[in-house]
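Visitor: The chain contents come next:
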Amino acid sequence: MRVTGPAPVIELRGATFGYGERAVVTDIDLTIRAGEVVLVLGPNGSGKSTIAKGLFGLTDLLAGEVDVFGMPRASFRDYPRLGYVPQRHTLASSVTVTVAEVVSSGRLSRQSWLGLATRADRAQVRRALELVGLADRASVDVGALSGGQQRRVLIARALAGEPDVLVMDEPTAGVDIANQHGLVEVLARLVAEGLTLVVVTHELAAFADLVTRVVVVDGGRIAFDGSRDEFVATGSEVLHDHDWHHHLDRPTRWSPVLSAEGPLSQGGSRS
Amino acid sequence: MSEMLGIDFMQRALLAAFLVGLAAPLVGVFLVQRRLALIGDGMGHVALAGVAVGVWAGQSPVWTALIGAVIAAVVVELIRSSASANGDVALAIIFYGGIAASVVIIAKSSRGTPASLTAYLFGAITTVTPGDLWVFGVLTVVILAVVAVLRWRLFAVASDEEYAQSAGLPVLALNLALAILTAVTVVVSMRIVGLLLISALMIVPNAAAQLIGRSFRSALAWAVAIGLVCSVGGVVVSYAADTPSGGTIVLLAIGVFLVAAVGSAVRSRLARAAGARHDEAEGHGHEHGPGCGHEAIPHGDHVDYVHDGHRHAPHGAHYDEHSDEDSDEPARAHEHSVGAQLREGGSR
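Which chain is which? The protein sequence lines are A and B, in order. For the first sequence, the working numbering assigns the number 4 to the initial residue and increments by one for each residue that follows. For the second sequence, the working numbering assigns the number 68 to the initial residue and increments by one for each residue that follows.
Keep in mind the hints are simulated off the structure, nothing from the lab. Given the structure is predicted, the values throughout are model-derived calculations rather than measurements. Misleading hints may appear alongside valid ones.
If you want the footprint, here are the derived chain A segments under chain B, 3+ residues with CB under 8 Å [stated by the list, open to error]:
hint, region
1, 57–63
2, 109–120
3, 213–225
Where a beta carbon is used, it is the ideal one built from N, C-alpha and C, also for glycine.
Build out the structure end to end from the sequences listed, making use of the hints.
Guide: Next up, the structure:
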């Protein structure tokens, strides 16, 4: 099932990540290709977030190699292509910050040091806000938004950099079901536009219809790596103490979204 | 007033106050954002040791203070970023070492006594020399230029360091830049506000502005305005009432903060009262947006979505019920109308 055609966008070869001397995940081999929607599953403390952070140099690479867009991570400089949505429970801070201001900071990596925000920068910020359905709330204080809306602000911030690959760490943690649906609708639209998605989560249910591939991390190692269907077939054996696989059979109300065309095909409303 | 402006030292004091009022809130906002409101205080302590060395050596204390503060800033930031378990204690040792050294050095100096440190600690309007003014002016221009170029990067690092690093921003370099900006601001403020009080002028105007502004940008504009008014106003009051300038300026700033706090409390009271009149959609699980399947109707500055015969308009984290006829009346009772007025007055 796995596509072998597109070039790898992320390639880990025997990668060991950790903090200082302490390894958290060891000997990870993982190749992610353009267009995949990869779910990195695992219980809390399994090391799945450590892998995600390692892609951005936020955890130390202790052994092995990490290639991003065919280039060793250490010499990779085209930062905006690899978007990151970190795990954060709240955006409330000691200062007032609007949604648009947070999202605009995702544009910085594409701006020169002396340059001001151009018309193209502002247009991309607006587009990112529209994609996550928060255009109406651009000038609202982020602290006033719900948890689910704040996650979408973080997604929009990453989208403002126009990434080819989006790595998200626990985007649904602490988000209620209704808002999870909204979030997945947004991601489905982005995938339809060609975005490669890597989602670190311990909640499979929300993404069941979107995912093309499942990687299970357990005890700092990859315990399973296969297509969605392979995972359904073997899931019960791989995931001894979890019931994620039960959710896969349940039809969800956002299923039609996946088969629908992307938002850009709906006419000129976005221009 | 004209009599006051005719006095040389007052002209210099007012100019120095203007520079301080402009620079301090601009740098301070990032300290507030990073929850480092007290760091400027510590740098003031070390700058005082620099002052003492200057007095002892017969040099300009401004330059020695600048050297001391900048060295302290770099060391402090490196200790902080290493996140070592004893970092907090290390900072305490540096800060108290600075103030202890300054007292001892001054006592051993033939040119000063511990009492002569008072002007540096609390500010005095008679002490600004023409040479100082030139140095302050150049340093302020440097602060303004660096903040103008780096402000959104400093903002990004202060709001989410991990994300900033993932986006390729040089996080340590930007944090060092902020630390050095803080040190330079401390020195620019040492004559007028004083090294023990300068942190207040970086923080208090921002604290007040946070109660007024509705965005980072507009709150910062308010903070600079408040900083300028308090700083220049404080020098004028200090002259008229014969009080130490630093204390006067900081008390003024705290007064503004209290007024803003009361105003903000009253405003949210009124908004709550108005909230009883504004109609929130019940149990709204669905998120409206382009292509959500509900008819979108432009309504003034926002878009309503027709949802089971109701018109829903986004408001904060929830939706309000809007109708065709209400385009004027409820908007006046609305919290946002107050915010919009302030926004118009505050930003850009």
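Visitor: Hint by hint, say whether it matches the structure.
Guide: Evaluation of the provided hints:
1. 57–63: With 3 residues closer than 8 Å to chain B, the region 57–63 of chain A meets the three-residue bar; holds.
2. 109–120: Coverage by chain B holds for the region 109–120 of chain A (5 residues, Cβ < 8 Å).
3. 213–225: Violated: only 0 residues of the region 213–225 of chain A have a Cβ under 8 Å from chain B.
The structure shown violates just one earlier hint, number 3.
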